[in-house]
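Given the structure of chain H, go ahead and fit chain Z onto it with the hints provided.
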Amino acid sequence: MKIKNIIITFVSAIALLLSTSVVSFAKVVGDKIVLGAAISLTGKYSSNGVHTQNGYNMAVDRINSMGGVKVGGKTYKFDIIYYDDESNPKRAAQLAERLISQDKVEFMLGPYSSGLTKAIAPVTEKYGVPMVEANGASRSLFTKGYKYLFAVLAPANLYLDVAIETAVELNGGKGVRIAQAFEQDAFSQDVRLGILDAAERTGSKIIIDDKLPKELNDMAATLAKVKAVKPDVLVVSGHTKGALTAIRQIAEMKVDVPMLAMTHCDAAKLSKQHGKNSQYALCASQWHKTLTYKDKWFKDGMTYDADFTKEFGYAPPYQAAESSAALLVFKDAFERANSFDQKKVRDALAATDMQTFYGNIKFAPGGQNVSKPMVLFQVICDSSGKCENKVVAPLKWASAKLIHPMPKWSER
Amino acid sequence: MDGILLGILFALIAYGMALQWGVMNIINIAQGDLVILGGYIAYFMYLYGIHPAWGVIVSPIVMYFVGIGIYKLVINKVVDRDLFISILATFGISILFMQLMNFAFGADVVLANSGYGTTMLFDNSVTLPNSKIFAAVISIVFAIGLVVYMKKSKLGRAIRATAQNARAAKILGVDTEKVYAATFGINAALCGVAGALISITFTIHPYMGLPYTIRSFMIVIVAGLGNLPGVALSGMGLGVFEEFADYILGTEFRIGSVFLLLVLILVYRRFKLSKKREYLK
Numbered sequence: 003m004k005i006k007n008i009i010i011t012f013v014s015a016i017a018l019l020l021s022t023s024v025v026s027f028a029k030v031v032g033d034k035i036v037l038g039a040a041i042s043l044t045g046k047y048s049s050n051g052v053h054t055q056n057g058y059n060m061a062v063d064r065i066n067s068m069g070g071v072k073v074g075g076k077t078y079k080f081d082i083i084y085y086d087d088e089s090n091p092k093r094a095a096q097l098a099e100r101l102i103s104q105d106k107v108e109f110m111l112g113p114y115s116s117g118l119t120k121a122i123a124p125v126t127e128k129y130g131v132p133m134v135e136a137n138g139a140s141r142s143l144f145t146k147g148y149k150y151l152f153a154v155l156a157p158a159n160l161y162l163d164v165a166i167e168t169a170v171e172l173n174g175g176k177g178v179r180i181a182q183a184f185e186q187d188a189f190s191q192d193v194r195l196g197i198l199d200a201a202e203r204t205g206s207k208i209i210i211d212d213k214l215p216k217e218l219n220d221m222a223a224t225l226a227k228v229k230a231v232k233p234d235v236l237v238v239s240g241h242t243k244g245a246l247t248a249i250r251q252i253a254e255m256k257v258d259v260p261m262l263a264m265t266h267c268d269a270a271k272l273s274k275q276h277g278k279n280s281q282y283a284l285c286a287s288q289w290h291k292t293l294t295y296k297d298k299w300f301k302d303g304m305t306y307d308a309d310f311t312k313e314f315g316y317a318p319p320y321q322a323a324e325s326s327a328a329l330l331v332f333k334d335a336f337e338r339a340n341s342f343d344q345k346k347v348r349d350a351l352a353a354t355d356m357q358t359f360y361g362n363i364k365f366a367p368g369g370q371n372v373s374k375p376m377v378l379f380q381v382i383c384d385s386s387g388k389c390e391n392k393v394v395a396p397l398k399w400a401s402a403k404l405i406h407p408m409p410k411w412s413e414r
Numbered sequence: 005m006d007g008i009l010l011g012i013l014f015a016l017i018a019y020g021m022a023l024q025w026g027v028m029n030i031i032n033i034a035q036g037d038l039v040i041l042g043g044y045i046a047y048f049m050y051l052y053g054i055h056p057a058w059g060v061i062v063s064p065i066v067m068y069f070v071g072i073g074i075y076k077l078v079i080n081k082v083v084d085r086d087l088f089i090s091i092l093a094t095f096g097i098s099i100l101f102m103q104l105m106n107f108a109f110g111a112d113v114v115l116a117n118s119g120y121g122t123t124m125l126f127d128n129s130v131t132l133p134n135s136k137i138f139a140a141v142i143s144i145v146f147a148i149g150l151v152v153y154m155k156k157s158k159l160g161r162a163i164r165a166t167a168q169n170a171r172a173a174k175i176l177g178v179d180t181e182k183v184y185a186a187t188f189g190i191n192a193a194l195c196g197v198a199g200a201l202i203s204i205t206f207t208i209h210p211y212m213g214l215p216y217t218i219r220s221f222m223i224v225i226v227a228g229l230g231n232l233p234g235v236a237l238s239g240m241g242l243g244v245f246e247e248f249a250d251y252i253l254g255t256e257f258r259i260g261s262v263f264l265l266l267v268l269i270l271v272y273r274r275f276k277l278s279k280k281r282e283y284l285k
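Those protein sequences? They're chains H and Z, same order as listed.
So the mapping is simple: this note's numbering equals the position in the first sequence, first residue as 1, plus 2.
So the mapping is simple: this note's numbering equals the position in the second sequence, first residue as 1, plus 4.
Everything labelled a hint here was simulated from the structure, so no lab data went into it.
Each residue gets a CB set at the ideal place from its N, CA and C atoms; glycine is no exception.
One or more hints might be untrue.
[What the hints assert, rightly or not] Distance ranges between label pairs, derived from CB positions: (1) E127(H) with G73(Z): 44 to 52 Å; (2) G53(Z) with H406(H): 30 to 38 Å; (3) G110(Z) with L172(H): 34 to 42 Å; (4) Q103(Z) with S103(H): 27 to 35 Å; (5) S412(H) with R274(Z): 46 to 54 Å; (6) E127(H) with G53(Z): 45 to 53 Å; (7) G119(Z) with L172(H): 31 to 39 Å; (8) Q186(H) with G110(Z): 21 to 29 Å; (9) G53(Z) with K216(H): 29 to 37 Å; (10) G53(Z) with G315(H): 18 to 26 Å.
[Unchecked claim] Covered by chain H, per the in silico footprint, the following chain Z stretches (three or more residues, Cβ under 8 Å): (11) 35-43; (12) 100-109; (13) 112-123; (14) 212-219; (15) 270-279.
With the rest of the complex left out, here is chain H:
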């Protein structure tokens, strides 16, 4: 009996091994360039994981239908192998390993979130696989000296310093008093570091500096402090939950601050879930459809927005837009390298300097995109209660004028 079991296990192991080796394919098969991606299709990042995947797919279809990628006089089409990383960093690292060593993928696209990108980056680095990622903004990704990691998005520490600078500017160049509350995770803490830098640069003072535990969905105590000390700017970053909780409790407690700056407003669908209560909130965003960047494939933000909505049935959040941009970067790099040699493609990626509908892309030595500023939009509602996000800063891209200071609750 025992021997029979062992034989069965052995045979099935070999069968499994054979079956995987039959499926595995090399980087470029026929006229296809195969990219690999581990994406959160289930688990807590699944909504944003799906945005990421839709963004990738949108760009693949578009590039393929517009002539594909030309390398060495031949035309290639993009193809992506996806695996579900279950929003789990360990699983993401395993899948990256699998994509590279079993599926023989030689070029990778990033996962969703800084945490998962952090888990995958050491693997792609070890194998020298170039990875263009669109959803990991944590500063620590770009200080480790990774050579094969490229991010099309602005790093986390730049998310909200535009807000501080705007506040200082409106204050006649004098420093402002800042209250801040950040969740204790890598991303939000990076945003916090950015604020600390901006405060130092502008001579502003931080008067409340709260760290929100991950499991917390109550910030009444922080807001009570804010009411007591009356800062000029209140900064909150705690992913979707933080944004929703902040708006709800600010409205409930009638906290009056001249400026409220946040992250993750569009992911939280603030204006939809909170309606008028979210009015005047300032939100950091990587991209907004009204920005006037242009490219050949998607034309501009408005067209991208319309095409994406037609294809997937919802308006693209910036997570989708930046994911699409990642493929444009890859296409550009392949064509300039004119080769599928990983080193050459890496060097071509490092030399990227292009404009896409999503923004300008040029990588710093650390791999982060330094030529695309963050934008701030403000939630503005009309009298019927319909709310919209309007870009208000930086001034170059503004489509509406910033309303500052926020009207007091008693006057709304």
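Structure of chain Z alone, referenced to chain H:
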């Protein structure tokens, strides 16, 4: 004030846990997930244009049957077993619920807006969100209702009898199987109420159940088993302590300080107990 209102809500969840623990000797790790599921029921009512406050009525009814279902499928197999096995089983249910909710409702953080305003006291220096007051009042109503029900009704008496001595109750003609199922159902219903209230006052998300389990577990431990008024008091006490710790020490110490308090209470208890033990010697 926020602390008291928050504490009352937590006490309601802890009530259910204490009941179950006392009667069935089961520590339900899935408690928080039942709460979140209850919250989703209210949220969906809100989505379909029904005021989420009705959730406090609909949600417990639905959750009662969900509770009975879970009991019939899983819990009745572990109820007389080791505590460890029931923890494992409910932990499994917890994971299953999390994934199912994530699959069914998506991973977005959602909330239901009650549209209740804010009550201002002392010239605007104290603001009380009406939704929190509503949550506290409803929690108290349900808690009192439960106590009365346990004292007066036939099932309530049967439940108490089973809690005291299941075997004796069985011999005296109490259908303990039925009592267990009802207890689990009542607990789930309480979670449903709490969940509906949480979707009105805070936010809900498929993975946010565990903090509620831990919190209610803590409240029950501090209060001691079978001590229902104690549960209410310790719930409020912890709520107030939490808000104060947050205000004075800073938010990052909020949860840490609560756990520190828990450790202190347990040490103090042990100390007291060991004194008694010496006496016995």
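Checklist entry - When you take the CB atoms of S412(H) and R274(Z), is the distance between them in 46 to 54 Å? => result For R274(Z) against S412(H), whose Cβ atoms are near 53 Å apart, the range 46 to 54 Å holds.
Checklist entry - That 34 to 42 Å hint for G110(Z) and L172(H) (C-beta), does it hold up? => result holds (38 Å)
Checklist entry - Given as covered by chain H, does the stretch 112-123 of chain Z meet the bar of three residues or more with CB within less than 8 Å? => result Satisfied; 6 residues make the cut.
Checklist entry - Regarding Q186(H) and G110(Z), is the given constraint of 21 to 29 Å on their beta-carbon distance met? => result For Q186(H) and G110(Z) the Cβ distance comes to about 25 Å; the hint holds.
Item to check | Pairwise beta carbon distance, E127(H) to G53(Z), judged against the given window 45 to 53 Å | outcome: Since E127(H) and G53(Z) have Cβ atoms about 52 Å apart, the given range 45 to 53 Å holds.
Checklist entry - Falls inside 44 to 52 Å, the C-beta gap from E127(H) to G73(Z)? => result holds (49 Å)
Checklist entry - Per the hint of 31 to 39 Å, is the separation of the Cβ atoms of G119(Z) and L172(H) within bounds? => result holds (33 Å)
Checklist entry - Are three or more residues of the stretch 35-43 of chain Z within 8 Å, CB to CB, of chain H? => result Our answer is that it is violated, as 0 residues pass the Cβ test (under 8 Å) against chain H, missing three.
Item to check | Range hint 18 to 26 Å (beta carbons of G53(Z) and G315(H)) holds or violated | outcome: 22 Å Cβ-Cβ, so the 18 to 26 Å window holds.
Checklist entry - Does the Cβ pair G53(Z), K216(H) satisfy 29 to 37 Å? => result This hint holds: roughly 33 Å between Cβ atoms.
Next on the checklist: Is the coverage entry for the stretch 100-109 of chain Z by chain H consistent with the three-residue Cβ rule at 8 Å?
Outcome noted: holds (count 3)
Next on the checklist: Please check whether G53(Z) and H406(H) have a Cβ separation lying inside 30 to 38 Å.
Outcome noted: holds (36 Å)
Of the numbered hints stated above, those contradicted by the structure are hints 11, 15, listed in ascending order.
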